[in-house]
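> The lines below spell out each chain.
2 protein chains.
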Amino acid sequence: LFVIDAGVVSCHPNLANDIRAYFNHYTILSLVTEFILIPGGEIAKNNIKYLEKIFDAINHYGVDRHSYLAVIGGGAVLDLAGYAAATAHRGIRHIRIPTTVLSQNDSGMGVKNGINAYGKKNFIGTFCPPDGVFNDDQFLLTLSDRNWRAGISEAIKVSLIKDADFFHWIEINQPSLTKRDIKSMNYLVKRCAELHLDHIASGDAFERGSARPLDFGHWSAHKIEQLSNFEVLHGEAVAMGIALDTAYSLITRPFQKEQAYRIIDLLLAFGFDIDNPIAHITSTFCPLINGLTEFREHLGGKLTITILREIGEGMEIHHVSPFLLIKASDWLNQYCNHKLKIEKIGG
Amino acid sequence: LFVIDAGVVSCHPNLANDIRAYFNHYTILSLVTEFILIPGGEIAKNNIKYLEKIFDAINHYGVDRHSYLAVIGGGAVLDLAGYAAATAHRGIRHIRIPTTVLSQNDSGMGVKNGINAYGKKNFIGTFCPPDGVFNDDQFLLTLSDRNWRAGISEAIKVSLIKDADFFHWIEINQPSLTKRDIKSMNYLVKRCAELHLDHIASGDAFERGSARPLDFGHWSAHKIEQLSNFEVLHGEAVAMGIALDTAYSLITRPFQKEQAYRIIDLLLAFGFDIDNPIAHITSTFCPLINGLTEFREHLGGKLTITILREIGEGMEIHHVSPFLLIKASDWLNQYCNHKLKIEKIGG
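Protein chains in written order, with the numbering used here: chain A, 1 to 347; chain B, 1 to 347.
Simulated from the structure, these hints should not be mistaken for lab results. Incorrect hints may appear among the rest.
If chains are identical, the list can't say which one is meant, so a pair holds when it fits in one copy or spans any two.
Claimed, not checked - List time: in silico BS3-like cross-link candidates among lysine-lysine, alpha-carbon distance up to 25 angstroms: (1) K179 <-> K339; (2) K53 <-> K327; (3) K302 <-> K162; (4) K53 <-> K120; (5) K302 <-> K179; (6) K49 <-> K120.
Starting from the given sequences, assemble the full structure and let the hints guide the process.
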């Protein structure tokens with residue numbers, strides 16, 4: 001049974017025929033002829049009717065635990081279909097075919113699925129490894145520039161906490177990545193997916209503890225998405241979150257100014273709107289600060305936030321000062337304005 | 001956060017105060033003061049509003065992954081609350097306190113949870129081991145005779161496929177079990193739970209294969225429950241299913257007549273209504289036969305049904321003949337009528 005992101009179908013009009021041709025060739029497999037189309041983006045996870053649509057099809061076509069539910073799409077549709085696959089008949093087999101940079105280099109490789117509820121991201125979900133993940137660069141070619149760029153933020157994130165060499169590689173290759181060079185993108189996707197997978201496989205895959213180092217920059221990102229009514233894409237929100245937590249690392253630790261500049265400069269070079277007012281923290285009443293409580297509540301236990309010791313190495317903290325956050329946000333805002341001025345003069 | 005079967009509260013009016021007293025004593029723990037009451041029985045799993053009620057409370061009280069959701073109740077409420085715990089925040093900690101014979105000796109010890117959908121039992125659910133299970137015999141004292149008896153069928157079932165000595169013990173202790181001797185019941189519950197747990201821990205806990213030996217007698221039991229609109233209790237349906245599959249074992253294999261008599265006699269001695277017309281298979285159009293297809297579909301792969309080689313040893317078969325099922329049902333019906341006549345003459 002195929003669940004497909006409606007956005008992907010419109011960009012790849014031959015997709016349905018290609019799938020049918022594949023199954024005509026490999027007759028050992030039998031294909032459910034109806035494809036289940038789901039709109040892409042957070043709407044897929046916000047409205048319960050899309051989950052029901054998938055359950056309906058699983059029931060109607062008698063998809064059982066030895067059958068496969070394959071999903072082709074961006075991260076949100078993957079999360080939704082993964083949740084349906086993990087819970088129908090207590091788990092049917094599941095193949096993910098991610099179609100965006102973000103889902104190929106991050107969520108598609110992971111063990112998480114879920115849907116949103118009570119205005120909270122992934123309030124309901126499970127941990128469940130897929131049976132297979134296929135990353136196909138053909139899908140990346142038709143992405144909008146906005147979606148192409150958005151997913152790069154997760155690669156920057158994982159490089160910052162795990163792999164300084166990879167960060168340096170991204171800095172050098174920023175121009176070719178921006179010019180949509182597919183060879184560079186393939187390397188970025190593969191290295192980022194590797195780093196994510198290594199972390200999951202070696203660590204606390206089911207998150208029994210309170211730490212989640214891969215979520216550097218994410219406490220604010222989740223809240224920014226929600227406050228923007230999901231108009232800010234996840235990857236864009238992560239870029240804003242990285243910038244804010246980089247500034248916080250600078251304000252609270254002996255994190256070198258030059259390293260902070262490099263990070264902010266790279267995000268700006270990609271064109272991330274990290275100075276968007278939605279990410280500004282101007283007072284302790286700022287709703288964005290609630291993102292800290294919600295982040296802690298989702299993981300449970302002690303608040304554990306990852307900031308940077310240096311490029312390539314994260315560190316955990318258990319307290320975040322709202323006043324220093326305001327100071328960090330302020331520093332970031334001034335730095336961005338300063339950079340923009342320089343660019344204007346330069347240009 | 002406590003989720004409690006409303007039926008248990010009415011039988012144990014001090015329960016809420018006892019829980020509060022416990023948490024007043026152990027102040028290291030903090031108790032959500034509201035108890036979430038759920039009606040007992042399949043209605044809890046059939047209506048989505050009860051699942052939502054638990055999710056609402058988890059959200060409202062900020063229950064997180066390091067908090068515990070404890071549930072006190074029969075199997076249905078346990079299944080429901082277990083599903084909520086397994087999926088809220090992708091899994092919060094979970095303690096089960098089963099209150100019926102059936103849930104103490106079987107489902108409460110297991111790794112399954114779920115709710116019903118599309119008229120199918122456990123269509124949606126997960127495999128998720130609880131953090132703890134407390135079996136307290138105080139809850140058994142207030143059970144109705146019907147519920148006291150119903151759970152005994154799972155002990156008979158597991159003895160038939162795993163442990164001939166245990167079957168013999170049940171035969172000998174049938175009178176004291178029927179007279180509600182709590183010491184005998186405690187032994188029955190413990191041995192049955194042990195056999196279930198050993199099987200789960202050593203075997204295919206997440207049911208990736210097609211076999212499920214613990215489901216001897218269950219392909220028809222699930223369907224009988226559904227056809228009776230859940231007026232037949234699970235344990236009662238299992239007794240009917242055991243009787244039918246015992247008859248099928250006799251009709252299709254060199255299973256000794258004397259062994260079949262012992263099994264049917266024991267079920268009748270406990271007063272199980274195994275000759276109820278709902279369990280009769282009189283033609284190949286009998287809706288009960290669809291239970292085979294639904295059983296296969298739930299597990300996936302090849303149909304795999306456990307029948308008996310002898311008392312204490314199950315065997316797997318992959319084909320069930322509807323014609324021989326009719327014959328088996330017929331034999332069972334005649335045997336029960338014969339037994340009843342003898343009893344009438346005797347009495």
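> Now tell me if each hint is right for this structure.
Going through the hints against the structure:
1. K179 <-> K339: Within one copy, since 22 angstroms is at most 25 angstroms while 86 angstroms is not.
2. K53 <-> K327: neither (47 angstroms within a copy, 42 angstroms between copies)
3. K302 <-> K162: within (23 angstroms within a copy, 46 angstroms between copies)
4. K53 <-> K120: For K53 and K120, the Cα distance is within 25 angstroms both inside one copy (22 angstroms) and across copies (17 angstroms).
5. K302 <-> K179: neither (43 angstroms within a copy, 52 angstroms between copies)
6. K49 <-> K120: Both: 17 angstroms inside a copy, 19 angstroms across copies.
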